[in-house]
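*Asks:* Listed below, chain by chain, are the residues.
4 protein chains.
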Amino acid sequence: MITRRFLLCCAALLLAMSNIHKPASATGGFAPTGSADDRDEMLRRMDERAEHFGELSRRIWEFAEVGYKEKQSSELLRSELRAAGFQIQENVAGIPTAFVATYGQGKPVIGILGEFDALPGLSQEAGVTEKRARAANAPGHGCGHNLFGAASAFAAITVKNHLVEKKIAGTIRFYGTPAEEGGAGKVYMARANAFDDCDVILAWHPGDANSASLKSSLANISAKFRFHGQAAHAAGAPDKGRSSLDAVMLTAHAIDLMREHVPSTTRIHYIVTNGGAAPNVVPDYSEIYVYARHPSMPTLDGIWARIIKCAEAGALATGTKMELELVASVYNELPNEPLAKLIDGNLRRVGGVKYSAEEQGFAEKLRQTFPLDGALPLGSQEQIQQMEGGVSSGSTDVGDVSWIVPTTEFRTATYVPGTPGHSWQAVACTGHTIGRKGLVVAAKTLALSAVDLMRDPKLIAAAREDFNKRRAGHDYRSRIPINQKPPLNYRDKQ
Amino acid sequence: MITRRFLLCCAALLLAMSNIHKPASATGGFAPTGSADDRDEMLRRMDERAEHFGELSRRIWEFAEVGYKEKQSSELLRSELRAAGFQIQENVAGIPTAFVATYGQGKPVIGILGEFDALPGLSQEAGVTEKRARAANAPGHGCGHNLFGAASAFAAITVKNHLVEKKIAGTIRFYGTPAEEGGAGKVYMARANAFDDCDVILAWHPGDANSASLKSSLANISAKFRFHGQAAHAAGAPDKGRSSLDAVMLTAHAIDLMREHVPSTTRIHYIVTNGGAAPNVVPDYSEIYVYARHPSMPTLDGIWARIIKCAEAGALATGTKMELELVASVYNELPNEPLAKLIDGNLRRVGGVKYSAEEQGFAEKLRQTFPLDGALPLGSQEQIQQMEGGVSSGSTDVGDVSWIVPTTEFRTATYVPGTPGHSWQAVACTGHTIGRKGLVVAAKTLALSAVDLMRDPKLIAAAREDFNKRRAGHDYRSRIPINQKPPLNYRDKQ
Amino acid sequence: MITRRFLLCCAALLLAMSNIHKPASATGGFAPTGSADDRDEMLRRMDERAEHFGELSRRIWEFAEVGYKEKQSSELLRSELRAAGFQIQENVAGIPTAFVATYGQGKPVIGILGEFDALPGLSQEAGVTEKRARAANAPGHGCGHNLFGAASAFAAITVKNHLVEKKIAGTIRFYGTPAEEGGAGKVYMARANAFDDCDVILAWHPGDANSASLKSSLANISAKFRFHGQAAHAAGAPDKGRSSLDAVMLTAHAIDLMREHVPSTTRIHYIVTNGGAAPNVVPDYSEIYVYARHPSMPTLDGIWARIIKCAEAGALATGTKMELELVASVYNELPNEPLAKLIDGNLRRVGGVKYSAEEQGFAEKLRQTFPLDGALPLGSQEQIQQMEGGVSSGSTDVGDVSWIVPTTEFRTATYVPGTPGHSWQAVACTGHTIGRKGLVVAAKTLALSAVDLMRDPKLIAAAREDFNKRRAGHDYRSRIPINQKPPLNYRDKQ
Amino acid sequence: MITRRFLLCCAALLLAMSNIHKPASATGGFAPTGSADDRDEMLRRMDERAEHFGELSRRIWEFAEVGYKEKQSSELLRSELRAAGFQIQENVAGIPTAFVATYGQGKPVIGILGEFDALPGLSQEAGVTEKRARAANAPGHGCGHNLFGAASAFAAITVKNHLVEKKIAGTIRFYGTPAEEGGAGKVYMARANAFDDCDVILAWHPGDANSASLKSSLANISAKFRFHGQAAHAAGAPDKGRSSLDAVMLTAHAIDLMREHVPSTTRIHYIVTNGGAAPNVVPDYSEIYVYARHPSMPTLDGIWARIIKCAEAGALATGTKMELELVASVYNELPNEPLAKLIDGNLRRVGGVKYSAEEQGFAEKLRQTFPLDGALPLGSQEQIQQMEGGVSSGSTDVGDVSWIVPTTEFRTATYVPGTPGHSWQAVACTGHTIGRKGLVVAAKTLALSAVDLMRDPKLIAAAREDFNKRRAGHDYRSRIPINQKPPLNYRDKQ
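Protein chains in written order, with our numbering: chain A, 1 to 494; chain B, 1 to 494; chain C, 1 to 494; chain D, 1 to 494.
With the rest of the complex left out, here is chain A (with noise of 0.2 angstroms):
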């Protein structure tokens, strides 16, 4: 997930630094209705569970599972909240991984989202300050995601105590969200109608720093343009074929020439998923996977059905047959104000990450291996970094949720300053004591801010309120044909 990655990365954009720890009242100006005692008695008690799900996440890494395929990272987390008494909903939009953990009855119900899911080519061991597999060619939790989906089951178990405990009413939900990267399970369950009667959702991501965010994050469209040619001897007799991969050349080049006729703000990207199988033989089926973005929807829109023009051109001047599989289509992210100001408030009541003699030494020569250019300083992990506004440079399928429900999305301090997301350094954190750090850290934050939310009827009125303005004169449609059905195999190689 990047949009934290650039959270992290644009220096330039952070305000920064000058945070000091004030009390979440005086942020936020949200009066928790516990009193203090019970939130300080509930974090404590999360001290004492952080070693339990530090070792849940480690598990999580070790699997390290890619899109879809998640079936032990799934599987604990759902045994662990079968234990601690939530009934669980399997299999949900048809997705063996998907879940949703439900604890309570009635309204409110505030929902957390967990993700689990590896990147395939990143596997890497843990602490060491050197690009170093542990499997060859194996998947590996460069974006987090282990520590992501412990976390989130961490707060929601420590939520669902809190209400027995103190006999709150309301429904708490842990939603086991599979295939982040690209693979956009969330918006499967969405059309699913899992998160439809939720008041609340909150979620988070593993980062560099810790803040709340006022952020939106870019539209996206994925898709797989299949060519289907006529093979042939490409020697022998070539002009009896008819190439799928000329098709693909074709429709690139038409892409590369449509990037000047488009907003600035659009991001278009390709790779060659199948390229020919032989060069001795005219390819007949070749492949090309294409990514668009827009910070804006129906913009994008109009950019895909001209993507598409491309690809029915390159078919068309080539005399073969194109096929379209639509991977993935998620929404930008729609911010949240007030819900965004109450975890700011709660984090800065929870407070950074602070490291070990031995893991600044580890972190000092981490960020030997990356350029700092705009990175936080070391240090600044401890730190609670101002909320920031404008447009992320990525993409996530929390969009989709953030359309239906009113969503916030926050970061904490698992990677060192200025590692790079998606990279080996993420992972060699993410399976590091480090990483368990934020993890604690965030899931305090969610754990305080569901509390809050359960507690105080105009937090989540205030919230639905932001939500309604800002979603004015716009109804969510996913851009995923309705009779499609989860790409279970996308990580499949062709």
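Computed list of lysine to any residue pairs in SDA-like fashion (alpha-carbon distance at most 25 angstroms, straight line): (1) A:LYS131 - D:ALA232; (2) B:LYS240 - A:THR299; (3) A:LYS224 - B:GLU312; (4) A:LYS240 - D:VAL391; (5) D:LYS309 - D:LEU324; (6) A:LYS240 - D:PRO377; (7) A:LYS240 - D:ARG367; (8) D:LYS240 - A:PRO295; (9) B:LYS240 - A:ASP301; (10) B:LYS131 - C:GLN230; (11) C:LYS131 - B:GLU323; (12) D:LYS321 - C:GLY319; (13) C:LYS240 - B:ARG367; (14) C:LYS240 - D:SER264; (15) D:LYS240 - A:SER264; (16) B:LYS224 - C:ALA136; (17) C:LYS224 - A:GLU260; (18) D:LYS240 - C:ILE308; (19) D:LYS309 - C:HIS228; (20) C:LYS321 - D:ASP301; (21) C:LYS309 - D:ILE308; (22) D:LYS309 - C:ILE308; (23) A:LYS224 - D:GLN230; (24) B:LYS240 - C:GLN368; (25) A:LYS240 - D:PRO371; (26) C:LYS240 - D:ASP301; (27) B:LYS240 - C:LEU372; (28) D:LYS166 - D:PRO457; (29) B:LYS224 - C:GLY121; (30) D:LYS321 - C:ASP301; (31) B:LYS131 - B:GLU55; (32) D:LYS321 - C:THR299; (33) D:LYS321 - A:PRO371; (34) B:LYS485 - C:ALA277; (35) D:LYS309 - C:ASP284; (36) C:LYS166 - C:PRO457.
Rather than coming from a laboratory, the hints here were simulated on the basis of the structure.
Guided by the hints, dock chains B, C and D onto chain A, whose structure is given.
*Replies:* Here is chains B, C and D on its own, set in the frame of chain A:
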């Protein structure tokens, strides 16, 4: 016209050299019905008129008028033929410079083709051995059509005189055919049925050697693909623009990808005739001019249909509109063996070109200005080369005539051996005495052959039989749309 | 010049509308040292000469001479200034139409820029509301430089009279700067040190609204990349040819691929200015004309270096030779806040443009011929818009001047609100009374501001201070090679 | 291997049909020195071993091991030859699956080539008439090399027995040559001097007809061009990335542009073997795999040098680095007329393939699954086709051997007439009894011819003379760099 240039250049294909002057009767087996005296006398009288027609060719050389713009050249030939007693049909096929000059009546009808268009940008002084334009960027007779028209008129008038003198029945025709170089004038004349009642058509072409021919040529279709986009300021609002130049780029790329998937004997070539008006404006109008050729018109049809799809794809991918103007389409030439043998015999009777000492010096110096790989040696202009078969790599609108009437075409040495066609060196020859000597060889061969055909119906019957055999199973149908007018302004700059 | 067209169009960015005519002293804080009477009198006298300079602008409009070919236009302005007592330095920087007209002596030296070149292909009748060329394909004043030159000369002469009358010391200059539209005339004049001793430069530009400006513009480098290949008959011996057009195609493709990998604020655009001579000849000469722009010259340098590599690659891959002619290079414009405030104040003193009933009717009809999205409403021509910052998407050779001398530029409403720049509609206005009214607003504002600067050294000091601050750390060094002569024939067709 | 597939397909070139079984002495003029009885007896004994070698071919068919990975196949052949008394030289040229099996001593040395590699993705059940993989995506023997290896071993062992029995002096060799399909195994064996002391090399190839051959093949150079760029997040910082895929795109475009400018007999084809890892990352590693072919190696050198420039240009324009791995280079095959005549005679002595009723039924049904244009009729497998000359459109590493030692190659009808090479239909035949019958024809023809050569030094002398004549003026020098090791992993997926 490329056909002959190729006969010149492709020495590898020439058996050459071994030709011995044999009496015509020995080679073709056709016994001329006139007495030897008759014909010797005719040739002798032609020598007396040679200076006059040489001067006439020089005037056309100086006019140097490009296709469909040959007003002075056409008028000069018309007045010469009118003065000789020919009936002139003007404005044939709606072309101001096309005409048919007819003398006599009844069968047989023997036609002689005459061309007179120049080539853009080839202006050159005559008789000099360095590149030196008479007028910068002006046209020049790099294909020797000034000689072509003058020699053919010379022959037609000679035949007319012979018919009158010898009281021979039949009709002699001179076809004033404009715009051979890309304008396909004869195709429009054919559509106006100008050749339908001929029994035989004789044609020749300037070259660097003397020979009859059994070669075919390449069928050719050419068109301008025009793209209409949406202009916009290229810095201020490029996303508002739809670039017609993008469409050209993509169409060209598609065509280049197609090269692998057409038969090896195909030729496709293009230029960009309009690539935008100003860099700071997204081009809303661009044009690409494409030729496609193949030895067989039906095969070319399939290739051409694919090229159109390339251009449609160019428009589709770029959001522009495509407009197609078919510029020309000519058939491959059907050779005719009895006619080629008749020409071969008469060429050998007439003999080649003898240089004066001064001409020899000019030729030696000129040959230092071009590569001589595969060129015939100096001196070969005195000989008659053997007939060749195969397919030349050029195209000519004589091709269309050859599908309607039994037609033959030969070449004489109007250029120094080895001279490339369409070169300044060719222009330097066609305005020079060397060119005029080749003109006389051509005129004599045409006159002898026409007279032979007038006198011997069996020759005509044999030519017809060969024609029927070669054309069997195929219709002639020009690919130029029936409602398309001659592109009288195709040489105008955009 | 695009800057102002953009100011007009980007209404979304305009706060606009709320401007109230306030006394100059209130807005800028600069107290004019002359008495109010002085200046009112000066403005009144200008009204008397308005007709004369309007006529002068109309004559230049009719000359409609393109860049570096503005012989009559330049001569007309020179003779007017000469008659008014200015000393004329002609043939500045070796450019026949560039001149500097000077009156007075000593400090301060205040320069006023005047442009007068027309745009190719924009010929149009004045005052009509449909596209109707005066002469087919002829140039037209689509950027209003006829008004630019005339108003600036009007102002310079007015200032000279004022200096004489009021016995004020100092030097007033008029710069006759040719070929703004792509020819970068001012860059060559700058190289010849023509601006070095000025204290302040004032400039304006025709537009569809009245406003001072704090905008920057895009630095721009443009060049013609010429490829030299090997000609060959495209049907007969294509393997012997090396296509210069192939090199163009490849270079263009490389540039289009590069678009993804440059900052979003970059603009690159090209046209194909020579795409081959004839389809049946492998092109041995082709040309692509490329512009690249970016808000920062050092960043643009890096992009430009990569574009050159694209062209080198085009040559390398195709076996051709690449030759680079740098056509122009202009800097981004440095705004100047004290000068912009001075202009803003004086503009508000002068006031906007009032239409007669007939002009109102014309304006209403004209506005039906272009899209009005984001356009200012009719009536806005009477107001003064607020100053804007940011970066316009155009480029101008005023940019180079602004790196040498503190410079400001403003616009007046010479076009009907909403009129696109470089359009027939703009030409219809710049030859019409509406254009002349905008001319008078510009001339008065220039004259007032020059007189203010003459009288108040603090204004000049403040302008210098702002200039030094903005330029800090950067040298001015034109990217045009020191030995390159002005491209006096850049508008000639290839 | 394509050569024979082409022999099969190009029926237009086949005179065919008229072949009558004539005694060998009549066709070739070579009088066998053994008595007819000797050789009849040898053939009769071969019938007794046919089942055994058929089974052996089936086991290799089931192994279906791709180039350089033929461990079991190679070991099976080695053990068979070892058991028959041959000396085995293993690991020839550093290739684990390459070996030379030798029996006897002294001159003459007659070599027989044996191949055994399978083709990726062609897994197919034997003897069925529909496409049905034995194992999805697994390799299959679509070129019949299982038969090739087994028949050649069968022949070698037969010859050895004959030498022993008849006490004939000389050496018989079996060459176990891996990775013909793109790996060029023989080229590395040649470099290790494995063929240098042979007098004659005999080879055959599975096909759909029986015939000796005078054909040449295409010289071939192939390489993987690898581009190394700079990864970056494709949405977040595309300007920081340098795309290796862009380099591939541009290189491909350059090659496609080049197609117009190479001789028509050239063949260039490519696939994209690595087109990026994920769409949201600017690819830092991409690969294009290119073949180029031409009938003449020196001409191919020039073309290849230009292809390298295309790839260099791809890197230059995109700011990436290019790395070239030459995968293979094989020479065009030198035919040998005396050897071809010897084969032709012995093929006619052996006779073709007779189908059982069941095989006939299979053949009839199979022929309904592919186009029959130009295919030989069913029944033609019983005949011996006339030898053909010309140039096949395929390439083979037998070509390199043929430049070192006089070599001939023939085909037998192991596929149903008309079966395309490299097809599932071919696999269905090569694992079927039909394939085994063709195996026997090949083994007998090889054995007869080797024995003839052993007995008649004049045959060897005539072969050598023809060889010297055809090779005159040309050296053999492999284009594979001397320090390049065999690409033992060329079949591994990237």
